[in-house]
Structure formats: structure tokens, C-alpha cells
Amino acid sequence: MKSRTICRGMGFSLSHCFIISLLMVFIAACSGHPSLPSSFEKADKAPRIYPDYTDVTVPPNIAPLNFLVDSVDDVVAEVAADNYRQTFGGKANKVQFMQKDWQELLQKAKGTRIDITLYTKKDGRWLAYKPFSIHVAKEDIDPYVSFRQLPPTFVGYDELSIRQRNLTNFDETDIYNNRMISKGIEGQCINCHSYQNYRTDNMMFHTRMEHPGTMIVCDGKLSFVDTKVEGMISAAAYNSWHPSLPIIAFSTDHTMQSFHTRDVTKVEVMESASDLIIYDIKQNRVLPVLSDSAELELFPSWSPDGKWLYYCSAHYEYKGEYENTDELLNAYRSLQYNLYRIPFDAQGMTFGQPELIYDARQKNRSAVQPRVSQDGRYVLFAEGPWGLFHIWHPTAEVCILDLQTGRLLNTSPMNSHRAESYPSFSSNDRWILFESRRDDGNYTRLYLAYFDASARLHKAFEVPAEDPEQLRLLLRSQSRPELMKEPVRISPREFRDKMLSQPTKVKS
Amino acid sequence: MPPYAFLILYISTFLIVCWYFLYVRNADVLFFMQDRGWWNDTRLFFEQCIRVPGGLLSWAGAYLTQYFYYPALGCSILILVWLLTFALAKWSFRVPSHWSFLLFLPMAALLASDIQLGYWIYILRDIDYIFYHPLGLLAATLLSLPFWQFLPFGDKAKRRIALAWIPLVATLFYYPFGIYALLAAVLTALQAFTSVQERGEKVIPYSLSLLVLLLLSLGLAPLLETSGSTLLRSDQPWTYGFHRFELDDLRDYSLELPFLLALFLPLGFPFIRRIKSESLLLSQGTMAAATALTLLGLFSRDFTDYNFHAELRMQRAVEECRWADVLQESSKAKGPVTREMIMFRDIALMNRHELLSKRYIYNNESVQPVTVSDSIHIRIANQAGDLIYLNYGETIFAIRRAMERAMHYGFSHYTLRVLAKCAIVNGEKDNARKYLRLLSHSTFQKKWSQKMRPFAEDDKLLPQSEHFRLPLKLYNEGSELVGTDDSYVELTILKKWMYTLTHEPEAQQVALAAAMIMRDRQCFWSQVQQFYNINPSGLFPTHVQEAMLFEVYELGMKGVNLSFVKFDDRVVQRYNAFKARLEQYSSQGMNEQQIGSMLRPEFGDTYMWDYCVLRQVQTN
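Residue numbers (numbering that gives the first Met the number 0), protein chains in the order written: chain A, 0 to 507; chain B, 0 to 619.
No lab work stands behind these hints: they were computed from the structure.
The structure displayed is predicted, hence computed values, not measured ones.
One should not assume that every hint holds.
Stated by the list, open to error - Here are a few chain A residues that sit away from chain B, every Cβ distance over 12 Å (derived from the structure):
#1 Gly89
#2 Trp125
#3 Asn427
Claimed, not checked - Taking CB as the label site, the calculated pair distances span:
#4 B:His352 to A:Tyr331: 34 to 44 Å
#5 A:Ser453 to B:Asp234: 49 to 59 Å
#6 A:Asp225 to B:Arg520: 44 to 54 Å
#7 B:Pro453 to A:Asn329: 48 to 58 Å
#8 A:Glu326 to B:Gly555: 29 to 39 Å
#9 A:Ala293 to B:Lys446: 53 to 63 Å
#10 A:Arg376 to B:Thr442: 50 to 60 Å
#11 A:His253 to B:Leu259: 29 to 39 Å
#12 B:Arg351 to A:Asp225: 52 to 62 Å
The beta-carbon is built from N, C-alpha and C at its ideal position, and this holds for glycine as well.
Let the sequences and hints guide you as you build the complete structure.
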């Protein structure tokens, strides 16, 4: 039944599911544990595995950390934790754990570690590497993650879907897929999915181009709205749900992009104008929050107590005509964002004065995408040299600001020499989810890092795949990840049918 | 005539026609199809294919398409698939030999679909286009109970088996074979119907049962099977796999006709044996008429535009750094050529250091691509814009174009090769490894992948490679800008280079040529100065000398002292002769077009003629 659910989720037909279920039962019955080589040489080094799971810290409910070793004919992993000892692998160069074995292993190692000794075979000779460890934390991670999946393209969006993945296994399904409506090369840009308090009864995402609007699920009820009202720069864009009220903060903006001719950064994304608004779902109306024409306010994010709205803003005064894109193109390096917050009075639905909390510009950097920890103490954000789309900036990294001390924490264990962006906390604050291009510099993948109770960051690890090679071969980027406590319950078809209806105009 | 004689006649006719249209006339198209196709032996690729109805056909079709890497081999496999289908259909539907040529008609329609594409080839999403339908037809024939007459059961049991088979084949095989599973269900029903009719049994109750079951199966099986799919539009369950030539709101129904024929003509197969006439005159007359009509259809469908085929050959030659072949192809063109051909030729010339001395020897008179219908407007950006960008060292724009095309029309061997090369030039080694790894999983790209791997590992090898030497140089010498191309590949390249001042001789020839092509006087003289700075001998390439004389004496460029130039006497003589002839023809009252035609035989290979006659700089 489980395999049937999985393959339905993957888009297979009923008849396929039946056949696949039978095959899975057969495979499960046939699979065993390989035996250790009787003779081998010892290597004086740790193995190089892909993905790199050596000395990482993982949640006790994570899916099997399957991996591979390059350029070997066979591999066997001897795995030990507490009084548990077992071998895995024996299938060419991959080590793939059975879900049941893996869960047992994690339970044994919860709060301690798993030790793995790797034996590889090449040209008939076995080699044993120095053991490495996988540390298992005590705290679980939210079991679901949703993300956008598309080729690392710049303009087109034919092959675009928002997907949800169960992090405790490998189940993955579409929340919505562009192909359900699209024809030819045009289609819909679906983006900015978000949830209230990691729950999916209150969630949203936008559609652009064909059938534009915002899909909002409020208390489980689906609606489709057109958020653009007179005087607004654009329809609502980047967003954040208030933690307790039925309101969503949005930025509204004019986005533009330009391409480098030599820089491997490749593209610069800019906002020529942007403001902040809030949308009251029950009242179906939008209210302005910030609309200074010399400030480019973006990425609103509520504090978990709902009393502050965090955001980032770049100061830019046009020398010539307002929103002159040529002028902005020449000044793209000067668009550096600082982090701010503004107090919110829920009673009167009013905002106070903005407060600068992190001056990135002073450091000649640009800080965007703030997220506040549940205890309200830490602000997580992405920082790059300039601009707001840091996934295209190789020097971009994830940073954490301690609001108590005003200092940045050492996040180097989780960052890499390539771009990192779009970080967020888990609902228990112990895990940080972000996107990274560290694998190959071009295709974005999802990473997790442990943020322990003493505010120390641990080495990040790639969200595992059933077949580790898939992470290398997939010609799609997985971006804008959001953790969830539960899967989205509205079906893709319900979203599609709603999308084909006329969106409700919001009031100002 | 013995039955096998008919078969020999029909099969040999079919073979000759297929070979002629596929291999003789369209080998370059078929090679291109496999190059813009995509197959690899990974589980991920297989899973991606089989998620949609007809997925197995798609996967197998993509696999076999690879064999057009050797067009003769690919053609042989395709013809073999058709012959197998023919043999199976003849046996299954018990078609008399002298009428068996009718079985070839759906294949002929598919043959037409392979040669009709023209510029649609660049915007085709289907990596399996050529083999999908032939394999589908074979599958439908196989699944429509070809063994019907040999089943060791009584007639009653056979009829029940047919009734059971209709929903089964539509449901179980819908995902692997898509609409061809539905075709198999229809063929099974027709097979059963004709059998019952032939036995003179009670037709109506059984036929009604067949019809009801068939309609239910055709209606419900696709609906149920695709109920959870997020990869299909609501109108697609019954049509997915049927090729639609649509691009946004445009749809070219005429190109879909062959597929309609291939899908509906087989429905007549079960009835062929019921043609009672034994008259050879009738069958052979019909055969002659069908052959004539087929040939007429094929000739009218075959997209023979010279420039279209030349572009395909030139693109391949550019990719393989066969510069002499590119220039040879360019010389062969009789009429106006496309801008893409001009750009390919210029790439060859700049790699041979001849851009400034031979560019105007070749035809620069350009024309828009002749499309198969007016429903598409093709631009270089959709064609080989990425490859052209790469050769000009514009790797970022090349990646952008390659990615956009991959998004719209899917990844291909070609796209992955371009992306791999761009990543190598950019120094993005891990990214290059990713593409090379993917290519190494295909059947015929392994060698290329292995050949390129050392370049992904060691930058020092790049200057020694014909593939990377000039692109790397141009990448390094080109200025860093931020902008967009608005899909104008040629204009973007020329505009950037005419303003680029570089001391690198090879890059400078590109910059000077760009200024000449764009006819920007300021840029031209700046680049001439730069050329002189690099080459203080005062010896300028032929076309630059022509341009300088023309600028100063014809266009009246002031303040330029040409004493630093060592003019070639022949160039000066030709310039003077050109000027005299120009004045002569003008005084005779000829218009520009007439003057251009008169001057062409003598001066068509000069910068001056190009400037005067090809009045506007055309880019695409």
C-alpha cells in the first residue's frame, strides 16, 4: 500500500503502481546484507563519498543517507551504533540503506553517533578506509519540505513545479505542476509558496503570466485572488504569514534582470521599485506598510510572536527619471540591502518606526531574506556582495545575527565556497534549511545544518535521495525550500481548477 | 504472378522510396534529430520518460533515435521497424499479398512526417519524434491479437477472449504505449467483428457488446490511468502522444495530417481481406495510383530549402571545428543566405585568421529563413545561438540561450555539449563534469565526453585545443558588461565587439570586423588605430584597406591621413575602377538594384560593393 502511495505521488498510473508494488515486495524479499571482504588493504585516509555525509549531524527522523563512492567497482559499508552492527552496500558503487534498517539504526544512535567503515573494491582489490561518523541529534526535524523545481533557467518556466518531499523517507509529490495548464512554450510562473507556522491549512503561492493571481488556503479553504490594486507597484510578491492572524505581509515590486558577459555570476536580478503591504484575508483588503520611493523594501518576515515585521531594504535615489532601468543597471553593485524591523500593533493594525538591526552596507555586503528563530533571539539571513538574488552570487553565505549581542555567529561550518541562500529555521529552531550550489556551482540543492542549543552550527549535509546519483544527474534546481509539519492537502487538480476561475479582486 | 512476387515488388518499392527520402535527401536532418535528441542509460531518465502515457515508446524511441548518429544505420533500423510492422499486420489481418501494399500507407505517412519538419526541427520538444509512432504502430499491431486465428480455442472462447482483451489492453498498456494501446483496442474489436461477420454468425448482439466495451475502454482507461497525474492538461489523456504542432496560440494542422493518417489508416487493415476482387488490374492499378499519390505527397512534404540543409551541415562543421568545410558550404550557396550561415562562416574565417581578408569574398546577401509554414518565425536564438555565442567567447549568453531552449524544448546531446564547453571555458569544472558525466551515459556521446574530460580537469590544455583556443581568448579579451540580448544574437555580438578595444591580435580582428559589419565610422577608425598599434608595419588586410579608401574618398571622412597605410596597388586599382564604374552607371540613370547587379561580377567580393548594394545591416 505504501509503495502504491509513493508511485502515485510520483505520477505513475494505477496499473504501474500495481506492478511497482509487486516489484518492491519482490526486491525487499530478495535484498540482503553483503558480507565483509575477507582480505583487504588499509588506507590511511577517510573515504570521499558523495554526497559528503562524513562527520555531519543529522536529525533522528531523517531519510536514509544513501551515498556513492566514485571510481570503484564495489563498496561495502560496515555500520555500527551502540550494540547495532550491520553491513550495507554491495550494489556497485552505491550504499543504499533499507528504510527499516535505517530507522532502527537512527533510534539506536539517537543522541550519539553512527560509525561507518567503508570497504571499496577496485580491480579485484579491497581497500578499507578510516571510519567516519554520522552524529545523530536528539531533536527531530519537521517532516516535510516544499520547494520549486526547475532547470536553472533565467526567463522560461515551462518545466516548473512546486513539490513536497517527506524528509523521513523519499516520498515526493507535486503540490502544483505548471504542465497542468501550460501549452507550448508559455506557461505559468508559480512561486513564493509559504505557510503559516509550518502548517498547510494556511498557505499560499502565486501564479504569474497565464491565469495570474494568488492561491490562498485559509483554514483549509481555497481562494484565488488578484492582489493588485490601484497605486500598488505590482501584484503581491515575496511574503510572510503572520503567526496568529489571517494576514500576510507582502512586498510589491518591479523585478528586472540583466546578464553578465564574462562574470560566472551570470545574472543580476534587481528591483527597480518595491514597497511593503499587508493583505487581510478575512477583509479581503490590502494596507500599505512602507512605501518610501528612495527605499527598496523587500522580503517581509514576521517574528514568531507577531509583534515585529522584519524586512530588508536598499536605499537608492534615482538621479534621473524614477525607475530608470538603464541607470539602475549601471548602479547594480550599489544596491546593498540592510536588515530592518518595524513594530506591529495587531489591535490597531498599525506599524511603528523602522529600526535598523543589521547594517550590511557598512560591510560592503547585502543582507536579504531574514527569518527569525522561534525564541526571537536569532535572525537568519543570506548575505552576498550586492543585490537580492544571492543564489547567483558565488560568495553568498548564510548568516545568523544574535539580536541579544548584536553579533554574527560563526556560520562557516554550514557555508561553502559557493552560493548559499534562502535559509529558514525548523519549527524547533534546531535545524536550518537552505539552498546551496556547492555541488557543481549551477544546480541548486537543499541542505540542512544542525544549530545546537548552545548556538553552535554544525557541518551541513545534503537532503538525501534514494539514489544518490540522482542528485548529480538531475538537470533541475531545487530552490526556495520551506519546512512543513504536514503535507499540503489540497490536490494539484483543485489548485488547477481554482486557477482556471476568475480571481477575486482585493480591496484597498 | 505468385504471391511472393507481389511482396518482393511492394517491399522493394517501399525500401527504395524510404532510402531515397530518408538517407539520400535528409541524412543531415536525421543526424540533427539525434543531436537534438536525448537519451541516457540512467534510471532517472527512464523514470522521467515513463511518467507520461506512451512513456515506454518515448524511452525506446529516444534510444533508437540515437542511431541516426550514423544516418544509414538509423535509417536501416527505422525501415526494419516498418517492415516488421508490415509483416505482422499482413499475418495478423490475413491480408492477401496482392493487396498488401495498402499496409505500407501508414508508414508512408510517417515517412512524410520525418521529412516535412523544416525549421520546426529547432522547436520540437520530442526527443523521440521519429521512432515514437513507428514503434507505436508496431506495438498496436502486436497487441491487437495477431495470433487470433491460431488460438487453440473454439470460436466462442475466442470471442470472449476478444471481449476481455479490449479493456485489458487499453488499461494495462495505456501508460507504456499511450494512444497506440487505444489503437490496439480498436483493432482488436475490428478484428473480432470481421471474424464474426465472416463466419456468418449473429453479428448484432456481439457487435454491440464490442462497441459498448470499446467505448467504455477508450473513454475510461485514459481517464483512470491519468487521474493522479500532474503532467497532463485535462484535454490530454486521450491525445497525449499524438503530435501537435503548437506553439502558444499557433497550431499547424497540416503538419499533423501524417500522424492522423498513421493512426486512422490501420483501422482499415482488418477489412482489406474482404476485398473480393481477384482482378490484378484492380489491385495493381490501385497500387500504381497509391504509389504515385504517395510519391507526390512525399515530394511535396519534403522540405528542400537549400539554406535550411546548409545550416544543419554548417552547424555540425562548426562544432567539429572543420573550418574548411564550413567555408566550402558557404561557397556552394547560390542565392541569398541566412544570417546564421553568415555567422557560421565568419566563425570559420576568424578561426583561420581570414575575417578581414576574405569576408567579403563570400555572399553577404541575406534572407530570412524560409519556414515550412507561416506559423513560426525562427531566429538564431532558437537555432544555434548558443553555439555562436560560445564561439565568440560569450559563454554566459550561450548558457542563457542553451538553458532557455532546454526549458522550452528539453535537453539534448547538443545542448549538453554546448553547456559542457561553456563550463570549461568559464572554469566551472564541477559543472563541466556534470554535463560530461551525463553525456557519458548516452550511446554515442561517450567518446566526445572522454575527449573533453582532460580539458575539464586542466585549464592549461585549453589554448592548445581548436575547440577552446579562440573562444577562451575572446572570453578573456571581451569586456564585462551587464545587459541582455533581446534574442538578437548577431547584433549583441557585433555591438559588443565593435566597442571593445583589445591588444590581442585575434580578438582585435573580431572587433575591427564588427565595426566594419556594423558600418560604424567612429568605431571603425578606433579599431583601425588599434590594429595599427598592434601591427605598426602599416600592412592592413585587404578588406580593411578597401574600407579605409571607401570611407575617406567615397564617404568623405574628414581628418584622416592615410599616409601610414601601405596600400596594396591592386586594392587601390580596384577601388578606383569601382568608383569609376559606379559613376558611369549612375550617370546612365540606373537605379541602385541595377547598379548592384552590374557591379557584382567584377566587384562582388569587395567591401565597397557590400556597403553600396546591401544597404541595410540585417541581423536576426
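Here's how the hints hold up against the structure:
1. Gly89: Correct as stated: the minimum Cβ-Cβ distance to chain B is 18 Å, above 12 Å.
2. Trp125: holds (25 Å)
3. Asn427: holds (31 Å)
4. B:His352 to A:Tyr331: 34 to 44 Å: holds (37 Å)
5. A:Ser453 to B:Asp234: 49 to 59 Å: holds (58 Å)
6. A:Asp225 to B:Arg520: 44 to 54 Å: Roughly 52 Å apart at Cβ, these two residues keep to the hinted range, so it holds.
7. B:Pro453 to A:Asn329: 48 to 58 Å: violated (40 Å)
8. A:Glu326 to B:Gly555: 29 to 39 Å: At roughly 37 Å between Cβ atoms, glycine 555 (chain B) and glutamate 326 (chain A) fall inside 29 to 39 Å, so the hint holds.
9. A:Ala293 to B:Lys446: 53 to 63 Å: With a Cβ separation near 59 Å, alanine 293 (chain A) and lysine 446 (chain B) satisfy 53 to 63 Å, so the hint holds.
10. A:Arg376 to B:Thr442: 50 to 60 Å: For arginine 376 (chain A) and threonine 442 (chain B) the Cβ distance comes to about 57 Å; the hint holds.
11. A:His253 to B:Leu259: 29 to 39 Å: Between histidine 253 (chain A) and leucine 259 (chain B), where Cβ atoms are some 46 Å apart, the hint is violated.
12. B:Arg351 to A:Asp225: 52 to 62 Å: At 58 Å between Cβs, range holds.
When the structure is compared with the earlier hints, violations turn up for hints 7, 11 and for no others.
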